[in-house]
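Sequences listed follow chains R and E, in order.
If you're matching positions, the first sequence starts at 1 in the working numbering and goes up one per residue.
If you're matching positions, the second sequence starts at 1001 in the working numbering and goes up one per residue.
For the record, the hints were derived by calculation from the structure and aren't laboratory data.
Beta carbons are placed, not taken as given, at the ideal position from N, Cα and C, and that holds for glycine.
Hints are not guaranteed to be accurate.
Claimed, not checked - Below, in silico cross-link-like pairs of lysine-lysine (BS3-like), each with a Cα-Cα straight-line distance of 25 Å or less:
#1 LYS1039/E - LYS147/R
#2 LYS1249/E - LYS505/R
#3 LYS1175/E - LYS213/R
#4 LYS1179/E - LYS200/R
Said to hold, decoys possible - Partial list, computed: chain E residues near chain R (C-beta under 10 Å):
#5 ASP1244
#6 VAL1247
#7 LYS1249
Claimed, not checked - Derived DEER-like restraints, expressed as beta-carbon distance ranges:
#8 MET1261/E - GLY554/R: 37 to 45 Å
#9 GLY51/R - ASN1056/E: 50 to 58 Å
#10 ARG1210/E - SER498/R: 24 to 32 Å
#11 ARG1225/E - ALA131/R: 29 to 37 Å
#12 ILE545/R - LYS1129/E: 38 to 46 Å
#13 HIS483/R - ARG1029/E: 43 to 51 Å
#14 PRO1256/E - SER134/R: 49 to 57 Å
#15 VAL1021/E - ALA232/R: 42 to 50 Å
#16 GLN454/R - GLY1170/E: 33 to 41 Å
Listed below, chain by chain, are the residues.
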Amino acid sequence: MTTTGLNDEPNELQPYEENFVEQAEYIERDRFLALAAEHPYEASILRKLKGGGAKLLIGPRGCGKSTLMRKAFYQILESENDSALPVYVNFKLALKLEPFYVNGPNASYWFRAWLVLKVIAAIWGTKEQLASLSFPANFPSKAKLSKLIDSLEASRADGDLVDEFTISYLIELVDDLAIENNLSRVVILIDDAAHSFSEKQQEDFFDFFRAIKSRLISPKAAVYPGITSHSASFHVGHDAEQIDAWVRPSGVEYEDFMVSLAEKRFLDTGLNFVSDNEEDIRFLAYASFGIPRGFLGMLRSIYNSQESYTTSDGSLNKNKILRLSRTGRDMSHAVFDSLTSKLPSYTSYVQNGSKIYQAILTQIKEYNKGKELERQGFQFAVKSPVDSDLDKVFGFLQYSGLIMPSGSILKGEKGSFQHYQVHLGDITAENIIVGRRTKSISSFLTVIRATKHQAWPRLTNASILEGADVDRNDFVLSLPLCHVCATPRSNPEARFCSNCGAQLKPSSTYEALVQQNISALPISKRMEKRIKENSNIRKVRDILIDANKETLLGIPYVGKIRAQIIVGHAEEHVS
Amino acid sequence: MTLSILDYVNASPSSSSIGSVDAFLQEIRSPSPIDAYVKHSRSLLEYGTPHRLSQNPHLGGLLLLGSVSAAEAYFRSILSATLETCPISRQVAAEKQINLGGVLWHGYSEFRRSAFEHLSFSSKDEIAKASKGYLRFALKDSVFEGPLGEYDIVCHLRHGIVHNGGILPGRNAVKIQAKRYSEPVRIAVNFALLQRTVEAVDTLVLTFNRELFGEMCRRWAIDWRQREDWDASAENKAFNILWDTFVCKELNKTRPGRSKMSRGRCLTQIKDTYNL
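Here chain R stands alone, though its shape is the one from the complex (with noise of 0.2 Å):
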């Protein structure tokens, strides 16, 4: 696993290691708000945010989607002129329902009552950042429905007592507060939505949005591009207008935005970083591929470790600012590498995803040999329509955040084009666009700011997969012995054992990901090393179960802001 969170960091505490937290929902609001800079299309995004009508914000791990949420979440909340409410509720730990799913016959249930439960516990945590709000007399006590939430991700629920939290349940008391506080409109904005990596519960998921959505309620979810299976109901476009928080490497607007990132994140420390080296901090913002949050830990490695990043001059280390470049890409490789755990069914799809995205890669450094700097090229083509095996392929690397889709091209008689573009932090830490000799953070920029990049290596299915020495039937799923007679599936679409005859159950992808020693989290050795050292903390289970972060705290040179960097891997690691 390569490490992205606390690489760089020295024993010490830094005094502001808090602006560097890449997770938007662990900053407090006004730290939130001052750290934050401006999406290029923000304007746009947040207005559909506030808006009515149910909204689906895509983009892959990182890419800010949380930091819009929240900015809509804290808009709506200081508008005078409208009588909105926002509510803002994280389903990151809807993976703890996934035993409902494993284990019993009635799931859906289980896990639609979590749902339910999370919002109405959210909009208590609209009412702490709005005192003037009043809640209607049969309005839930916060205890109890923390209490609740607490059994159900714990696996011990009482049908009894959580009975009555339907989605009826739900419209009722939102149409209760509407009345008693004169709002128009209910924002119930939802980070981290279907992010279960279990398809069933995704779908359930969908159709608790689907059904939540009213005239007053207006539902919007943030959900990852590639791995998300709506249920048969629900169908994006129709249900849900779909709104793209990727935002393009590409022009100043972009290097505009993270230079402002940067600043503002520097601005406390009394730092030079970003005015003494605009070109270095302009290249890793391109090296990132479009995240933030694989800047900002880049930025934090600059920080953590100033003496190791800055010359005599005072100036920054070009060679290691190259070498640091890596690790935006080395994240998003991590990513779809992880998908092997939490897809485990899929595991062939993401090692010959690996050859697949090696082997286009080596072709756009094909296609770019000999060519002059601003004619090299860092996107590809392939020819429509993708085989299904690849499609899903292309899904897992979006996900990740290792291509971008740009739309379809329609080239006349040769047909149509999906045309992607590469991770940026490949295209350079590979040598795609520019020689290993001749190599430069000036050079690279020039290639990247190249006006118009026109052409490309045009794929197909069969040359895409020639060039990876992958065959169509490498394709396989990876389904669950019998757990009874460890009889291998006949089928993948078997249900029964075809030798003992039992029900077939679905391995939990949840206990296997807390299972996990906690080398899996993207900490760096050292870190990984005192936490054993100085506690009994051994597997991921034991950081989630560390409820107020106190065994964390206990360990030396473990603070605040450290101990929440880590419970936010372990919990984006079950995520």
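Given chain R, put chain E in place with the hints provided.
Chain E in isolation, oriented as in the chain R frame:
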């Protein structure tokens, strides 16, 4: 050749006779309701291989019917067995009507078997109604919402296969929220659908069997003992009947940890739970 008007459409068939039905009736010794269901259901699955199902477009539908039929037989058997065992159920069902034909056929000792012959168990509502109406056993949403919902979909498909030659009837299409098609749609029961539908039926039957057993154990431990007609000396006998009625010997043969699933251990756990 002289043709009548009728002959233009098809030739006249020969006379048919089924003959004595007794030639085709076999006496069997019924295992417990759940074991009978599991044996029936598994034999259907065993036959429904991907290869066979691909060879005949009607086979899948017929196997699906068999699966629902096995479930209906289970519900009839378990309800009548419970009616016989549980005094509370008997009290609840006392006002219910029974078909005379059933009583005449089964005789006095087995007349309970006819109690449910006029009922169909091919919809979720009918199962819930019978369970509550005869046993006072309500199917709570927290346990049965999903299993009953999925079973209902299977029953709508079954309706099209039984009554409409495999074409999905409009009423059932609307109920299962199928999208609209311009032409009639055939219910194509391939390997995937057969496995999914049998799984849905299985889930409901196995859930019902577990939950009703739990309820009967509770009644045995609490409610039955508070009745005038409780015979303390027959305590063990009453529990043995419950055990034999509900335990699934077929599935427990291969179940992990089966050595711990004995009657004695179960009885001990019930006594501990209810402080007996």
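A quick look at each hint next to the structure:
With a C-alpha separation of about 43 Å, the suggested pair LYS1039/E and LYS147/R falls outside the 25 Å cut-off, and the hint is violated. For the suggested pair LYS1249/E and LYS505/R, the alpha carbons sit about 20 Å apart, so the restraint of at most 25 Å is met. With a CA separation close to 22 Å, the supplied pair LYS1175/E and LYS213/R stays within the 25 Å bound. The suggested pairing of LYS1179/E with LYS200/R holds, with an alpha-carbon distance near 20 Å, which does not exceed 25 Å.
Contact between ASP1244/E and chain R, as hinted, is not supported at the beta carbon level, the nearest pair being about 22 Å apart and thus beyond 10 Å. About 17 Å separates the beta-carbon of VAL1247/E from the nearest beta-carbon of chain R, more than 10 Å, and the hint is not met. Hint on LYS1249/E is violated. Least Cβ distance to chain R is approximately 13 Å, over the 10 Å limit. For MET1261/E and GLY554/R, the Cβ-Cβ distance of about 44 Å falls inside the hinted range of 37 to 45 Å, so the restraint holds.
Separated by about 55 Å at the C-beta atoms, GLY51/R and ASN1056/E satisfy the suggested range of 50 to 58 Å. Between ARG1210/E and SER498/R the Cβ separation comes to about 25 Å, which falls inside the hinted range of 24 to 32 Å. For ARG1225/E and ALA131/R, the Cβ-Cβ distance of about 56 Å falls outside the hinted range of 29 to 37 Å, so the restraint is violated. For ILE545/R and LYS1129/E, the Cβ-Cβ distance of about 44 Å falls inside the hinted range of 38 to 46 Å, so the restraint holds.
The supplied range of 43 to 51 Å is broken by HIS483/R and ARG1029/E, whose beta-carbon atoms lie about 32 Å from each other. Remark: the range hint 49 to 57 Å for PRO1256/E to SER134/R is upheld by a beta-carbon distance near 54 Å. Between VAL1021/E and ALA232/R the beta carbons are some 44 Å apart, a value that agrees with the proposed interval 42 to 50 Å. A beta carbon spacing of about 54 Å between GLN454/R and GLY1170/E contradicts the range 33 to 41 Å that was offered as a hint.
When held up to the earlier numbered hints, the structure conflicts with 1, 5, 6, 7, 11, 13, 16 and fits the remainder.
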